[in-house]
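Student: Spelled out, the chains give:
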Amino acid sequence: MTVTTTGDLPGEVYDVAIIGAGVVGTAIARELARHRLRIALVEASDDVGNGTSKANTAILHTGFDATPGTLEARLVREGYQRLTAYAAETGIPLEPLGALLVAWDAEQLAALPSLAEKAVRNGYDETSILDADAVYAREPHLGPGALGALEVPGESIICPWTTTLAYATQAVRAGVALHLNCPAGAITTGEDHHEIATPRGVLRTRHLVNAAGLYSDEINRRLGHGEFTVTPRRGQLIVFDKFARGLVDHILLPVPTALGKGVLVAPTVYGNVMLGPTAEDLDDKTATGSSADGLASLREKGARIMPELLAEEVTAVYAGLRAATEHGDYQIHADPGRRYVAVGGIRSTGLTASMAIAAHVAELLTECGLDPGPEREIEPVRMPTIGEAFPRPYQRADLIAADPAYGTVVCHCERVTRGEIRDALTATVPPGSLEGLRRRTRALGGRCQGFFCGAAVRAQFDAATAAQDRTEARR
Amino acid sequence: MTPTDRTHRTVDVLVIGAGPAGLALAARLAAAGVDRVEVLDREPQAGGVPRHCHHTGFGLRDLRRVMSGPDYARHHIAAATRAGAVLRTSVTATGWAAPRTVDITGPTGLERITATAVVLATGARERPRSARLVPGTRPAGVLTTGQLQQAVHLHHQHVGRRAVIVGAERVGYSAVATLRRAGAEVAAMVTDQPRHQTHPARHLATRLRSGFPLVTDATVTELTGQGRLESVRLRHRDGRTAAVACDTVVFTGDWIPDHELARSAGIALDPGTRGPAADAEFRTGEPGVFAVGNLLHPVETADIAALDGRLAAGPVLRHLAGRPWTPGALPVRVEAPLLWVSPNRIAPDGPRPPRGRFTLRTTRFLTRPVLTVAQDGRTLHRGRLPRTVAPGRPFHLPADWIVGADAHGGPVRITVD
Ligand SMILES: Cc1cc2nc3c(=O)[nH]c(=O)nc-3n(C[C@H](O)[C@H](O)[C@H](O)COP(=O)(O)OP(=O)(O)OC[C@H]3O[C@@H](n4cnc5c(N)ncnc54)[C@H](O)[C@@H]3O)c2cc1C
Ligand SMILES: Cc1cc2nc3c(=O)[nH]c(=O)nc-3n(C[C@H](O)[C@H](O)[C@H](O)COP(=O)(O)OP(=O)(O)OC[C@H]3O[C@@H](n4cnc5c(N)ncnc54)[C@H](O)[C@@H]3O)c2cc1C
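Sequence lines, in order, name chains A and B.
Take the first sequence: its letters are residues 1 to 475, numbered as in my numbering.
Take the second sequence: its letters are residues 1001 to 1417, numbered as in my numbering.
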């Protein structure tokens, strides 16, 4: 098991190196780890899932509304099946709530049958059209004026952080070397292997996978390719207090327009309700801030969808950047001559499609001459329960009896215990920051945002980090 | 042991929250001879917020002397323990199994406690940056006063070098003191009001010691910085904008009660305070459930919370003695720019509120305002306040008019003109 955060990279030549440890890169690492290969996963930041993968709307899509015939449509559909099964096996929080595409005017209402047909062409035939009464029976707090809806029972909510972490944990336990704080720079491609410059030395690998998200176009150019250019499309979101959870029981989607999927209202697996995202094309790949205009427009749309929601307290505001390109489909390309696969343009469905993208990339690598050898069983993982659909540690007498640390609540709003924080800090892929700890445990992610527990959580984090530094110094 | 085993007990009074309000109440009840008074707190130490207010000024109204926050907390802990109340820490009330039956998690396991009276004394907190919808990036270095005080005074952690304080009511000035103690410079204090809202003497003393600029009539429009905070952007009411370089920002004031338990019991909240609606005897709408302290009036000083605790002992004792649960049913509401009134339920033939007066807050400065109390278009009281009232500071309204209210009429409304 290796996770490195500092120091020189090992001198060995890897069979495969993957650039980017987002949900896509970690899924690929996990998929390839099912074979006896020497694999490196390199990530520029200090944690896995620190890019787009940490800031999305966390919906596991059936793919009902994809453009039929595209690679995206196929991988989303397949990814949905695979991730649903994987979540059950690993304990990734997932709730199959179902979605309602709510029609607010006659034109939208008229569009519902064709959406149902499109779903069928995408292999999904469980939709049904509801009249206004049926919509309000399901969602009594919906704002006035809904005329009907398309019900998509398969749409689910999922924990994006646990998903990425589960892939990474399983990959690392199966032998993948995860190198954090390791941005890939210049790439020299030789007859036999690539040499990738990083601040931590040269990374050598026979095969290269580019899963660098927003930066996948730049890496792609370094390999001499120019199939696509990434234009970040920002999505801002508002997360409402857990008290809002009682207001909504489905994923409430707008009827899609030319401008994209539009603003939704959906519960989260942590028991909040979110409103968003916006869709703004930008040219700055670091512009993950929220804006006054963005928040105002969300509140305006939210007031129509569910007026009562706006009266609830806000727990968090965040923004993510989708890796949009000039194409309407994923940009997954193999260059067998260079033993290279680009996984770019994974737009707004990459969380859902991640496992299917990984399987697809594994096939492309074989076409690029990688001999994966026989498949092997890898150790299953079981992730901590941070979703609200199953009992959390603070609710479990058996856990607390075995270890009182699970009965000591540290983060009060999210009821995160000392034991869970300790476990996260000593896990296979430990957090590099308080932010990372929040994504693993929910500590600091609640309504008080640290008023009560901020200092205590930080104390536990600092103590664990200091202890780790001491062990490393002794080595 | 199955995953859900709980031990089940009964007590006479279960107090949730061992801050000044909960402790003062428990001390009174135990001293009055109530057998089993149990006080829970989810923190590892009892004492509530004063534990981390390392400055003087506590105890004036309830103890008639002045001491530091931690000393004040210790005083109330000792008094409650001495009187015979049971204090338990690191124990969290997580929800309700039935009316007056509370589920609890602690290191020794899961419990369920049924009490004849449950008293909610869970305090209040400051709204964080996100709840105030301040746009921008999400860098480190964004705090509330509560977090700042705990970081510096309880955990001796490093906070930044240069801080902006958002808010100029008294707690903002506490933040200045804490930052000074931590060796950080105050780059500016910003308020959207035309003036600060603390006592002029305190303002002057703090300014003399720390010499920071007070920026009035300005709002925070954006936080910038990747990783660590780099600046706070401001917009002045007249349209001017500025960016203040800093690595820390402290959002102070803007209170919200910790009403989770109250709300999850289905107890009606007051739209102004956002705490449980409660009458002059601290009774909520839920039989046997009382509320005291900052949960009712976010935020008053600690001694006021402790006085609540003391005053609530009478009504709790009467409830234990079997008095029927008939809380004042008539709501008292305020209209903007007033923010809240406490108590906010009355019984016209019932007792007067504590100290014979209502406590109110405003959202903006009002110069000698005229207050009108009316019900169904009928004026019950009208009078000019003798001085200017400031946001973030209490002002009072005499309660004599309640006898004139109609118990069966509509809500009583307090307005200003
Ligand atoms: C607002 C919003 C809502 C969305 N909603 C959904 C949804 O509901 N359902 C869904 O399925 N999908 C959704 N998505 C899409 C989904 O989040 C993305 O498709 C997915 O996270 C992409 O993952 P990734 O691994 O490709 O990219 P990333 O997570 O960005 O990972 C790329 C990684 O590469 C690293 N990197 C970049 N350059 C280098 C380098 N030179 N060297 C080393 N490392 C590098 C980055 O640091 C980053 O960690 C949404 C996206 C957004 C923005
Ligand atoms: C940052 C800050 C600075 C302040 N500075 C001053 C000052 O300088 N001078 C002054 O006079 N006043 C000050 N105040 C106000 C003063 O601290 C409060 O008025 C006083 O502490 C209120 O007492 P309380 O008992 O109502 O609540 P708190 O003191 O807040 O106590 C509430 C207690 O309830 C516990 N609790 C909450 N929920 C649960 C649960 N579910 N289970 C178990 N326990 C629970 C909490 O852990 C906490 O200990 C300040 C307040 C704050 C927030």
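Source of the hints: derived by calculation from the structure; they are not laboratory data.
For every residue, glycine included, the Cβ atom is placed at its ideal position computed from N, Cα and C.
Just so you know, not all the hints are guaranteed correct.
These stretches of chain B come out as covered by chain A in the derived footprint (C-beta under 8 angstroms, 3 or more residues) [to be verified]: (1) 1061–1073; (2) 1392–1405.
Listed next, the stretches of chain B that the computed footprint assigns to chain A, with coverage defined by at least 3 CB atoms under 8 angstroms from CB atoms of chain A [claimed, not checked]: (3) 1102–1115; (4) 1144–1154; (5) 1310–1318.
Cβ-to-Cβ under 7 angstroms is the rule here; a few derived chain B residues that face chain A [said to hold, decoys possible]: (6) Arg1042; (7) Val1086; (8) Gly1136; (9) Thr1137.
Student: Does each hint fit the structure? Answer for all of them.
Tutor: Hints, verified against the model:
Chain A is given as covering the stretch 1061–1073 of chain B, and this is violated because 0 residues of the stretch bring a CB closer than 8 angstroms to a CB of that chain, at least three being needed. Counting residues of the stretch 1392–1405 of chain B whose CB falls under 8 angstroms from any CB of chain A gives 0; the rule of at least 3 is not met. Note: the stretch 1102–1115 of chain B has 6 residues with beta-carbon separation from chain A under 8 angstroms; the three-residue rule is met and the coverage holds. Check result for the stretch 1144–1154 of chain B against chain A: holds, 6 residues qualifying (beta carbon to beta carbon below 8 angstroms, three or more required).
Proximity of the stretch 1310–1318 of chain B to chain A, defined as three or more residues with a beta carbon under 8 angstroms from a beta carbon of that chain, is not established by the 0 residues found. Hint status for Arg1042/B relative to chain A: holds, with the closest Cβ pair at about 6 angstroms, below 7 angstroms. Below 7 angstroms, beta-carbon pairs count as interface contacts, and Val1086/B has none with chain A, the closest being about 18 angstroms; its hint is therefore violated. At its closest, the beta carbon of Gly1136/B sits 5 angstroms from a beta carbon of chain A; the interface hint therefore holds under the 7 angstroms criterion.
Evaluation of the Thr1137/B hint against chain A yields a held restraint, the C-beta minimum of about 4 angstroms falling below 7 angstroms.
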